[in-house]
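Engineer: Kindly produce the complete structure, drawing on both the sequences and the hints.
Protein chains in written order, with this note's numbering: chain A, 1 to 203; chain B, 1 to 223.
Some hints could be false.
Derived, one-sided and incomplete: chain B residues facing chain A with beta-carbon distance under 7 Å [what the hints assert, rightly or not]:
no., residue
1, 52
2, 80
3, 83
4, 84
5, 87
6, 90
7, 105
8, 106
9, 110
DEER-style ranges, computed between Cβ atoms [to be verified]:
no., chain 1, residue 1, chain 2, residue 2, range
10, B, 74, A, 149, 28 to 36 Å
11, B, 134, A, 149, 49 to 57 Å
12, B, 31, A, 186, 36 to 44 Å
13, B, 141, A, 66, 48 to 56 Å
14, A, 148, B, 19, 54 to 62 Å
15, B, 19, A, 32, 43 to 51 Å
16, A, 66, B, 30, 47 to 55 Å
17, A, 49, B, 134, 47 to 55 Å
18, A, 147, B, 169, 40 to 48 Å
19, A, 41, B, 32, 26 to 34 Å
20, B, 32, A, 66, 45 to 53 Å
21, B, 61, A, 143, 49 to 57 Å
22, A, 64, B, 89, 26 to 34 Å
23, B, 128, A, 64, 26 to 34 Å
Calculated from the structure, these hints are not laboratory results.
No residue lacks a Cβ here, since even glycine has one placed at the ideal position from N, Cα and C.
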Amino acid sequence: MTRYRSFILIVVCVLAMGGCTTSVTVEGTIPTPLVAKIPVNVGIHYSDDFKQFRHEENIRQEGNWKVDMGAQNLLFFRNLMTAVFVDVTELNEPPLTGESLAGLDGVLVPEIVKYGFLTPNVSGLKFYSASIHYRMSLYNNQNEKLGEWTIVGYGKSERTLFGTTESLGEATVLAIRDGGARIAIEMTSQPVVQSWLEDVNEE
Amino acid sequence: MIKLVAAVSIGLILTGCASTRVEERREASTGMSDQEAIVLLGRASYSDRETETSFTDCVASALAKGERPLRLVTQKEFKDQLYPWFEPRTAPTSSKDLAKLFARPGVQQRIIETEVRYLAWISGDTITTDSGGSFSCTLSSFGGGCFGVSYWEEDASYEASIWDVENMTTSGQISADANGTSYLAGVILPIPIIARPGNAACKALANQLREFLQGSPITENEI
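Structural biologist: Right, dumping it as structure tokens:
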């Protein structure tokens, strides 16, 4: 049924000769990372931009694209952070005051810096590909920024005849997974995190 | 009945030929109990090629059928269970890497829980090696039709590298190569004669993989 809807969408797009919008809703499984938990109590702040991230782009001869990945990305990160740290507290609103930081060892703020995708028509390849640039900022429990690092997640998915939205959605899910995998695996090898953990253990 | 015979005949006529070659290299003895499972994993790299999901699905489907079906854990389920260790950029590239991965907390226990005995890494793809001819269709107020002939030759080349999870060794490799030429002829109506080398390679690889693991090839009816 979904493929049938996609087919109708493509036919309408061709008939309209442009001016058509392809909406992609990103959905997928939320795996729990199998990693050793870092023994700290960390606060995580997800901004509204992060929670509701949406990418819009106009590609010549392909029309407008809207990729809505905020909900999937947020669910993924909530699960990821819970698996990576022993204690996680979600912080709603900045600025972070002494009261909201009480009992925390530090605060992590993930952001999506950039999202991009390529269609087979643009790349000349057989698949849709997506990339997400995440920036992770780390603060201590005095609200002083200790540093930040960037992770890039990549994903690609085969082109199917009438499954444009599904293919790009799948590529985006794989990019979120790839970014999450690198965050989970490389967290403790980041110099800023190592330094922070040393400070926390000394306190 | 006549319609059925006609449909089968047309199907046979319109199916192009694909020639297949299979090679096997065994490095250790193999065997599977009824409780043990295999997982087929497609090698995905971030170059311009990767193993099509449809190919691994085809091999998995063939292995799960028959008188002695193999117990399969799906690629998706396995990757979710072992996340983040079998993602495209984090997956082990050799059975030696697998031993290192098993040293990480919880990984070996999780694999034991899935009852996976063998990992089969499938790599390769199907590419168009040659194409040519001329084919066109026209439509006007007086009618329409298709004229000409076009062709394209495809080469499907895949390899399965089988790892024994229990012994953390490479059990062997199986490769399957198939190629075939498809035609599209226009005699008013377009007549496609399609060779399916990818499907032929899938059958050949699944057949050999089953024989490799338990010594019973798949019959034609099972695919």
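Engineer: Hint by hint, note whether the structure agrees.
Structural biologist: Hint by hint, here is what the structure shows:
1. 52: holds (6 Å)
2. 80: Since chain A brings a Cβ to about 4 Å from residue 80 of chain B, closer than 7 Å, the hint holds.
3. 83: Holds. Min distance 4 Å.
4. 84: At 3 Å from the nearest chain A Cβ, residue 84 of chain B passes the 7 Å test, so the hint holds.
5. 87: For residue 87 of chain B, the interface hint holds, since the closest Cβ of chain A sits about 5 Å away, which is under 7 Å.
6. 90: holds (5 Å)
7. 105: Interface hint status for residue 105 of chain B: holds (5 Å vs cutoff 7 Å).
8. 106: With a minimum Cβ separation of about 5 Å from chain A (threshold 7 Å), the hint on residue 106 of chain B holds.
9. 110: This interface hint holds because 6 Å falls under the 7 Å limit.
10. B/74 / A/149: 28 to 36 Å: holds (34 Å)
11. B/134 / A/149: 49 to 57 Å: Holds: the Cβ-Cβ distance is about 56 Å, inside 49 to 57 Å.
12. B/31 / A/186: 36 to 44 Å: holds (39 Å)
13. B/141 / A/66: 48 to 56 Å: violated (40 Å)
14. A/148 / B/19: 54 to 62 Å: holds (57 Å)
15. B/19 / A/32: 43 to 51 Å: holds (46 Å)
16. A/66 / B/30: 47 to 55 Å: Holds: the Cβ-Cβ distance is about 50 Å, inside 47 to 55 Å.
17. A/49 / B/134: 47 to 55 Å: holds (53 Å)
18. A/147 / B/169: 40 to 48 Å: 43 Å Cβ-Cβ, so the 40 to 48 Å window holds.
19. A/41 / B/32: 26 to 34 Å: violated (46 Å)
20. B/32 / A/66: 45 to 53 Å: holds (48 Å)
21. B/61 / A/143: 49 to 57 Å: holds (56 Å)
22. A/64 / B/89: 26 to 34 Å: Given about 31 Å between the Cβ atoms, the range holds.
23. B/128 / A/64: 26 to 34 Å: holds (32 Å)
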